[in-house]
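Join the two chains into one complex using the hints; note that each chain is given alone, in its own frame.
The primary structure of each chain is shown beneath.
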Amino acid sequence: MHRLFASIFSLVVALLTTACAAPADLDLALTHATLEKKFVVTLQPPATPAAINQIHSWRIQVASPTGVPVTHARIAVDGGMPQHGHGLPTRPQATQELFDGTYLLEGMKFSMTGWWEIKLAIQSAEGSDTVTFNTVVAAPVVAR
Amino acid sequence: MRTERLLATTLGIVLLVIAPGVSGLAFGTGNPAPPPRDQWSATEVGVLASLRLSQLPPTPSDPSNAFEASPAAIDFGRRLFNDKRFSQNQAVSCASCHDAKKQFQDGLPVGKGVGTGARRTMPIVGSGHSPWLFWDGRKDSLWAQALGPLEDAVEHGGNRTRYAQLVQTHYPTAYEKTFGKMPALPGAPVDASPTGTPTEKAAWKAMDAGTQQNVNRVFANLGKAIASFEKTLAHGETRFDQYVEGMVRGDRGAQRFLSPQEVDGLRVFIGKGQCVTCHNGPLFTDQSFHNTGVPPRDAGKPDPGRAAAIAKVQSDEFNCLGAFSDAKAAQCQELRFLTTDDPSLVGAFKTPSLRDVALRPPFMHAGQFASMEEVIAHYVRAPAAAVGHTELAHGAPGHTERKPIRLSDQEIKALVAFLGSLSGPVLEVAARK
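Chains L and E, in that order, give the protein sequences. Each residue of the first sequence is one higher than the one before, starting from 1 at the first, in the working numbering. Each residue of the second sequence is one higher than the one before, starting from 1 at the first, in the working numbering.
Next comes chain E alone, as it looks inside the complex (with noise of 0.2 Å):
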């Protein structure tokens, strides 16, 4: 029984594979067309329609946010988004390093904030598909990410408990008709945080725990409100998305969407690029962390990236398993099954969407690259990485069986082009459930 309907879901997915070549056949008959600009074999084709946006499947929810999907807590989140009064010069919102006009990223080498940050400030559309955030994945949700920068010394440069202040005082019914009753925080200082200066953390052990935990409990609803604003950000379809629709349905005419040199580099980003291997599905990343060997931005402060954030998420008192997530510690599966120890987390980094990618320069962790042409040169050339080891291959035996990346002048520049057609517009769409 199973294995007829194993045969059945097989046969299905090769008529879908086989489906676009026989259509693409169909045309020949009766009425002779010129032959397509752009052939396709069925294998490719299969590979252009998995990155198609309309494979992306639903935002999953986070079951460590039990208010994501509420409008209260989205419109709350926006405002918070939006409010430059929770930093410490009252002068840095989300927005400031988030820039709606400019992708919600801020085109700068390293975040600016109260201070200067040591990475690159991420895109925010699409992140809750991402199972870790920031470069190095050091948070599990969208929410206690949104919590790492108030608290930053260099990005907003607060304290939670100056937040929750503010939080009551501006946000009294914001706030309460998202998450019920506000606790109440008799005798907390106004600067107290187990993460601040010297002077807040003494100021924060001398709190009772009872304050320490209402403090946390409005700090952590901040994070979930924000993060339910960020989830409703969504990408819109590009010329990319467009031309492959129209190859999967055989219709011919889309190939007016992407130039002859687009379809060159889209060749070259499927094929011996090697781009796709990393790159993959309809946002373009396979969410998971990756040494190739990019430059520190300090050399004298090489950055191990992902392997200095496992423990920091495991001890993150905001992370799935902890206090304030409202999830079954069943449902904390990426946490739970967490890799700790491979090798390959030094140096390693998240793979980014290449949505939108030619609209923000500079491009790497900490925007090493000013240029896509630099970054494509990057991975040609291979260079042995400054801590760890780089998974490119330098075409020396025994590396890895990889096969180094060898692209000629007019290929890199036909996959320059080509990333240019990930362009797409930014929508802000109800929560999906």
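Next up, chain L with everything else stripped away, as it sits in the complex (with noise of 0.2 Å):
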């Protein structure tokens, strides 16, 4: 089920994927460790992808190498898009823990399709640490 859904994701991505193309073996994981592996960060973006420009919220989840909550980070969200040379259009900001080691990270908005960073850095009192997700904004194709 869930490879038919990341194949099927895959498919969709090469087809709406436009004219300034994403590297073919762009990263888009969700889970990763961070650059020191102090960290294992899991990002959630909406269920339903939000529109272009529309401003929305992610969820961050911060846990150590063996899986424990991180609680209590601090985390400072940059990003952009390095095909463009430009950042994100809005200042991200992780504004509350929702509950142990999850938090919510208001203010993401994409301005346009194509690949977009999205960098963390994460300071705790078991260190500080940074990670760089990526992600592909799709053109929304909507029925008439």
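These are calculated hints, taken from the structure and not from any lab test. Quantities reported herein were computed from a predicted structural model and do not represent experimental measurements. Using N, Cα and C, we set each Cβ at its ideal position, and we do this for glycine too. Mixed in with the good hints, there may be bad ones.
[Said to hold, decoys possible] Only part of the chain E face toward chain L is listed, based on derived beta-carbon distances under 10 Å:
| no. | residue |
| --- | --- |
| 1 | V276 |
| 2 | C278 |
| 3 | N291 |
| 4 | Q333 |
| 5 | T390 |
Here it is as structure tokens:
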């Protein structure tokens, strides 16, 4: 089931990616170890992808390498479009810890389709580390 | 459960993307027809489909303007928009620069009110979709935007205290029908404003806080009425939209809406020209700010654009978080999550819509280019920016991973021809809510 979904998803991405194509080998995983392996971070996009230019929220889960939720972390958010040389159109912020190790990321917005980077700098009692996620925003195709 | 729903949605999208291709193939069965003149891949149809007017969502409601859907506000706003008394010399109305006969702009390199401005008059149609107003986005709502030119020394050149009294004199009924009781302005001077001439500033300081507040309230409501009217102005369907609707349906007859040269230009637009990167969506704009190295009008005075607008919009007493906004703080998301310190904001200006673009030379934020050919030549040349850094690639390694735009003369001509297909009527539609 998941594999089927994954292959359909990549087909959709392949079909919808526009002129400025993202690299074919882009790592779109939503769970990553941070650069120095201090944390494992999972990004949770909204269940229904937000429309272009619509401000929306994501969730960030921060855990130790052994899977223990990391509480009271401070998370700085940055990002942009590496192919265009501009940053995010908003300054998203991790505004609250919803429950242990799960943070609300508010103010996300994508102003165009294509490859976006989401960079997180995490600070907690366990130390500081950074992680970069890739996401490809597809063109909305809506029925008439 | 959620996976299944996602799967269903995704399958739906796949079918929608594939459908036009499938229906295109169906033409061949039974009744052999000549191959279609214009061949588009499913990916290309997906991009074209995202640009058609029918994909434009209803204009988002502005929580900071509680009156925008009120017919009384729209009617009052239309009258104010055309009223020349709201200016320092009684000769300038909003309509002076935003001429309904010229798609609500003036065709001049820079605006001319009671004096000469520094930037190009922007078209109003569809601006209810913009989170940020003006070329630099120094206002965060259409109503706050409308207040700017009224007090700008070279536009209307008047001041809020005079305007509030003009409303009391000329529009007491229209005002009260929309906004309720007109506040009293006892002892208010004729001319006073915190942003005006030294004399006006001094007069403002001498006013009591209650009267200042009442003047500000009436002034803010003027903006809300004007914005309510402006929000009724919408783009009508163009030849481009008719063409794309046909391509999406698999209706070959719709090819007649664009000439072969215009179709060539459309291919450049969504392909090697990279225009669609920023000019995306049904309004052909990402509503964002970019530095593309457009030379300043006055070489001695490079315009910092968006970078200089951040502090202005944050400190604007008429912004979404201000005392005259009807929004709850939580609704002011754009302001709350405003990018304040990105170096790419330096020298950046808003991506303009390209609907009706061929009808409104000269182009760019200060009318720097007289023709669309000159604009495209600029994007091909990709010069260094006078202030900040251009996002355009020069072909030099290490700048960005973006590719330089390389177009032949023929491709430039085709692109210009295509842009001409984006002209359509301006409609006045009742507020949608």
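Verification of the hints:
1. V276: holds (6 Å)
2. C278: Holds: closest Cβ of chain L sits about 7 Å from E/C278, inside 10 Å.
3. N291: holds (8 Å)
4. Q333: holds (4 Å)
5. T390: holds (9 Å)
Of the numbered hints given earlier, the model fails none.
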